[in-house]
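Hey, can you work out the whole structure from these sequences and the hints?
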Amino acid sequence: MGIYQVRKEGKRILGWDSPVTEIVNPAFIDLESRNGLGWLDGFNEMLVRCGYEWTGHPGVDDNGQLLSLHGRVQNTPASLVKIEIDDEAPHTITVTGVVAESTFKKSNLSTETQLSIIPGENTFSINDTLTNKADYDDEYQIIYHSNFGKPILEKGAKVHAAASEISPFNDYEKGGLKNWQTYLGPTKDFDEMVFNLKPISDKEGNSLAVLHNKDADSGVSMQFKTDQLPVLTIWKNTDTLKQGYVTGIEPGTSYAYNTKYQRPLGLVPTIKAGEQKHFDLVYTVLTNAADVSQAVDTVDNIMKKEKIQLKSEPLVDLSH
Amino acid sequence: MGIYQVRKEGKRILGWDSPVTEIVNPAFIDLESRNGLGWLDGFNEMLVRCGYEWTGHPGVDDNGQLLSLHGRVQNTPASLVKIEIDDEAPHTITVTGVVAESTFKKSNLSTETQLSIIPGENTFSINDTLTNKADYDDEYQIIYHSNFGKPILEKGAKVHAAASEISPFNDYEKGGLKNWQTYLGPTKDFDEMVFNLKPISDKEGNSLAVLHNKDADSGVSMQFKTDQLPVLTIWKNTDTLKQGYVTGIEPGTSYAYNTKYQRPLGLVPTIKAGEQKHFDLVYTVLTNAADVSQAVDTVDNIMKKEKIQLKSEPLVDLSH
Amino acid sequence: MGIYQVRKEGKRILGWDSPVTEIVNPAFIDLESRNGLGWLDGFNEMLVRCGYEWTGHPGVDDNGQLLSLHGRVQNTPASLVKIEIDDEAPHTITVTGVVAESTFKKSNLSTETQLSIIPGENTFSINDTLTNKADYDDEYQIIYHSNFGKPILEKGAKVHAAASEISPFNDYEKGGLKNWQTYLGPTKDFDEMVFNLKPISDKEGNSLAVLHNKDADSGVSMQFKTDQLPVLTIWKNTDTLKQGYVTGIEPGTSYAYNTKYQRPLGLVPTIKAGEQKHFDLVYTVLTNAADVSQAVDTVDNIMKKEKIQLKSEPLVDLSH
Chain W
1 MGIYQVRKEG KRILGWDSPV TEIVNPAFID LESRNGLGWL DGFNEMLVRC GYEWTGHPGV
61 DDNGQLLSLH GRVQNTPASL VKIEIDDEAP HTITVTGVVA ESTFKKSNLS TETQLSIIPG
121 ENTFSINDTL TNKADYDDEY QIIYHSNFGK PILEKGAKVH AAASEISPFN DYEKGGLKNW
181 QTYLGPTKDF DEMVFNLKPI SDKEGNSLAV LHNKDADSGV SMQFKTDQLP VLTIWKNTDT
241 LKQGYVTGIE PGTSYAYNTK YQRPLGLVPT IKAGEQKHFD LVYTVLTNAA DVSQAVDTVD
301 NIMKKEKIQL KSEPLVDLSH
Chain E
1 MGIYQVRKEG KRILGWDSPV TEIVNPAFID LESRNGLGWL DGFNEMLVRC GYEWTGHPGV
61 DDNGQLLSLH GRVQNTPASL VKIEIDDEAP HTITVTGVVA ESTFKKSNLS TETQLSIIPG
121 ENTFSINDTL TNKADYDDEY QIIYHSNFGK PILEKGAKVH AAASEISPFN DYEKGGLKNW
181 QTYLGPTKDF DEMVFNLKPI SDKEGNSLAV LHNKDADSGV SMQFKTDQLP VLTIWKNTDT
241 LKQGYVTGIE PGTSYAYNTK YQRPLGLVPT IKAGEQKHFD LVYTVLTNAA DVSQAVDTVD
301 NIMKKEKIQL KSEPLVDLSH
Chain S
1 MGIYQVRKEG KRILGWDSPV TEIVNPAFID LESRNGLGWL DGFNEMLVRC GYEWTGHPGV
61 DDNGQLLSLH GRVQNTPASL VKIEIDDEAP HTITVTGVVA ESTFKKSNLS TETQLSIIPG
121 ENTFSINDTL TNKADYDDEY QIIYHSNFGK PILEKGAKVH AAASEISPFN DYEKGGLKNW
181 QTYLGPTKDF DEMVFNLKPI SDKEGNSLAV LHNKDADSGV SMQFKTDQLP VLTIWKNTDT
241 LKQGYVTGIE PGTSYAYNTK YQRPLGLVPT IKAGEQKHFD LVYTVLTNAA DVSQAVDTVD
301 NIMKKEKIQL KSEPLVDLSH
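Residue numbers (the working numbering), protein chains in the order written: chain W, 1 to 320; chain E, 1 to 320; chain S, 1 to 320.
Think of the hints as simulated: they come from the structure by calculation, not from any bench.
Since we're looking at a predicted model, the values are computed, not measured.
Please note that a few of the clues may not be correct.
Since the list gives no way to pick one copy over another, a pair counts as held whenever it fits inside one copy or between any two copies.
[Unchecked claim] The calculated lysine to aspartate or glutamate pairs, modelled on DMTMM-like cross-linking and capped at a C-alpha distance of 20 Å, are:
1) K242 to D137
2) K188 to D137
3) K260 to D297
4) K272 to D189
5) K242 to E22
6) K8 to D62
7) K277 to D135
8) K133 to E275
9) K277 to E204
10) K304 to E165
11) K150 to E9
12) K242 to E112
13) K242 to E275
14) K203 to E154
15) K198 to E88
16) K106 to E313
17) K260 to D202
18) K8 to D280
The structure is reproduced here in structure tokens:
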């Protein structure tokens with residue numbers, strides 16, 4: 001139930017160009033291959049849900065089980081997929097589906113995904129409901145891995161996020177911390193830099209992240225709720241075009257570390273037996289300078305003239 | 001070629017409610033995932049064949065290969081599936097299929113599965129033929145993992161089995177040995193108890209196990225041949241309803257231990273090059289008190305007033 | 001895009017009888033199962049491409065990743081499959097397909113496979129083009145694993161190859177080195193013998209290998225280019241018929257050792273960013289004694305009266 005691309009008038013307005021050029025049927029993906037990196041065989045979507053049983057980088061958890069990259073939900077076929085069009089104006093279109101992560105004795109997490117759009121508007125909403133259908137409490141983790149390349153991302157593109165702190169994911173990112181907001185053009189051997197942010201929200205609990213092009217007349221904003229998704233990852237993969245020139249704006253319960261590193265950080269929450277968790281995001285396509293300016297102002301208003309604190313040390317020491 | 005449910009007049013009479021609510025296409029199951037527990041992603045059938053190349057719990061065999069939980073046959077698509085209806089009364093309906101476990105240089109086990117039922121009767125038969133199509137002898141193992149929940153299983157339900165001995169699978173089951181015949185209602189944190197039985201048979205070589213409800217007016221019996229299936233596992237998974245409230249009555253060549261633990265017990269038999277092995281079981285739905293009483297009497301007759309011996313020590317010491 | 005069999009007038013003329021009797025959909029194959037031997041669950045083709053990201057036997061590479069047997073390309077569904085029939089005489093039939101080995105951040109190798117045949121001729125051609133679509137150089141490896149059983153292979157069948165050297169794959173093959181050219185009939189407990197050859201070519205760069213039956217009146221030849229495919233493996237799997245009585249004639253960039261053993265031998269070539277590599281092979285069915293004799297003469301002409309040197313020591317010492 002991911003979103004491959006957002007198109008308007010025949011053109012892609014949100015999405016990116018992955019080296020994986022076709023949509024790959026999950027039947028052909030072996031998530032545990034390459035030491036848990038099999039997910040990379042199908043990665044090319046604008047929105048990928050990473051969860052819900054676990055998220056983050058592959059690694060053997062404390063119980064001896066390999067947790068594969070970014071969880072199982074994106075490669076689990078959905079059931080009960082429905083498209084509903086409201087008879088009443090404004091004729092909202094809603095696409096829902098149910099994705100079950102049901103493994104006997106292991107987990108029974110079921111997510112109803114919901115995508116809503118009002119025809120003619122530049123906004124669409126994700127309103128997901130995760131239910132723990134088991135009689136036992138369980139852990140859960142989710143990252144809304146939202147990926148943007150051309151036409152927004154380019155040299156001089158900029159990201160704004162309402163956040164109190166930012167830190168490098170690992171040592172490599174230390175050198176890029178100061179310039180976290182701006183993007184390089186396609187850069188050979190850049191690989192990727194990942195930054196961990198602590199987002200903050202307005203009175204209604206909404207945080208906002210904005211990505212716009214160099215001229216600040218085209219972009220995208222993502223609104224999310226910090227009580228649902230308390231952390232934000234910014235993934236700058238400004239390597240060459242063919243390698244996948246892309247940035248991820250990724251609100252989540254968790255950062256991209258393996259689960260075992262996030263428990264001590266308090267970033268592996270519990271969902272009680274029978275409990276439901278909601279995840280509500282609003283994506284807005286910014287089509288002109290006024291749109292971009294207004295979105296950046298919203299970020300500034302949440303920040304209330306405070307500056308984001310740059311923390312030079314990673315939250316997790318991966319060298320051990 | 002498993003059996004998902006047995007239904008009569010629109011109602012399920014044999015089967016159970018697994019947290020895995022849909023039938024999962026084997027293309028989406030990775031048996032080696034979760035250290036060999038991938039089989040649990042699809043487990044919800046009334047009858048699952050566990051075999052034939054290996055059976056039992058996952059673990060690395062003496063040759064360094066991971067044997068995944070309960071073998072490959074249940075997640076191997078069948079070929080040559082046929083339904084035959086006899087022109088002559090009583091118009092027996094027979095469903096056959098061939099399931100090949102063929103791996104170059106590794107195994108060439110082919111099983112013709114056969115399910116037969118006479119319309120209007122409360123009985124159906126399984127008559128499987130395993131053929132070693134290779135020119136070399138091979139090991140084989142099979143458990144007929146037969147699972148029953150509602151409407152038979154309930155607090156006070158009871159199991160009867162013609163057997164000379166019973167022992168706990170592991171230390172946890174020691175506390176439940178004395179009450180092995182009776183069932184608790186759905187019990188949080190119960191998890192599961194597994195018991196290993198040595199079944200005995202009548203003059204024709206038939207053994208019988210019976211499960212019935214508390215009032216002893218509804219149940220199921222399973223007849224099997226001890227020369228084909230010399231051991232019997234009783235799996236009591238009387239955890240909560242949502243966790244999968246179910247019991248397994250499981251005749252087999254082997255218990256549920258990993259293969260490497262069963263070789264020293266003599267429970268990993270050989271099938272010679274070109275040899276065929278037959279497995280014949282009769283399932284009978286018991287629809288009233290007389291049916292139940294007669295089935296229990298049959299068990300008693302095989303037992304000839306001998307009592308089952310309770311052995312307090314597990315056959316295998318898994319603590320090492 | 002492999003070739004299952006070559007048939008003429010209703011009869012198989014090239015191919016073999018594998019214990020895997022059906023064509024297995026890759027969705028059901030888990031390449032990393034059995035410590036990387038999952039490929040064996042589907043192996044029954046006359047021509048299998050083994051590559052292109054890696055080839056050879058399974059094993060953990062120096063970077064800690066399991067490389068599964070014979071790579072991923074044979075179990076990757078093809079895209080853009082086309083059949084073209086030339087309007088002009090001789091009405092060449094060409095089958096093309098694209099097989100992408102695209103894994104984000106790992107590889108972006110794309111192969112256009114091409115099979116061409118002129119109706120009525122006894123020859124068909126393979127003309128593959130491998131493209132490294134990434135912006136980074138990459139390793140690649142390929143073996144054209146071409147397998148022949150009945151009706152060509154039999155006791156007294158013989159293989160000829162234009163080559164300067166031959167050595168045993170491992171210690172077991174030392175005993176068979178002297179008789180490398182001739183084949184036993186189906187032989188229980190023979191298992192397999194593998195020989196590593198250094199092929200040589202004529203002025204046009206073409207090498208030739210020929211397999212023919214005992215009477216030298218039926219066979220097959222394979223022409224390949226040593227600058228594209230500098231090594232040749234001969235796989236003698238003359239075990240019993242049911243085990244898969246077959247021989248492989250396998251030109252490649254590499255032998256069948258795991259990649260980590262072939263880097264020191266210089267047999268893991270590089271394909272530069274954007275570069276293309278071509279692989280051109282011609283298979284000819286030899287239908288009478290004259291055909292066979294002419295093919296063997298061609299081998300002799302390339303050899304120019306030089307004899308192949310028998311090297312008694314394997315190129316790789318697998319005992320360490």
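(message) I'd like to know which numbered hints this structure contradicts. Please list them from smallest to largest.
(response) Those not satisfied are hints 3, 6, 14, 15, 16, 17 and 18.
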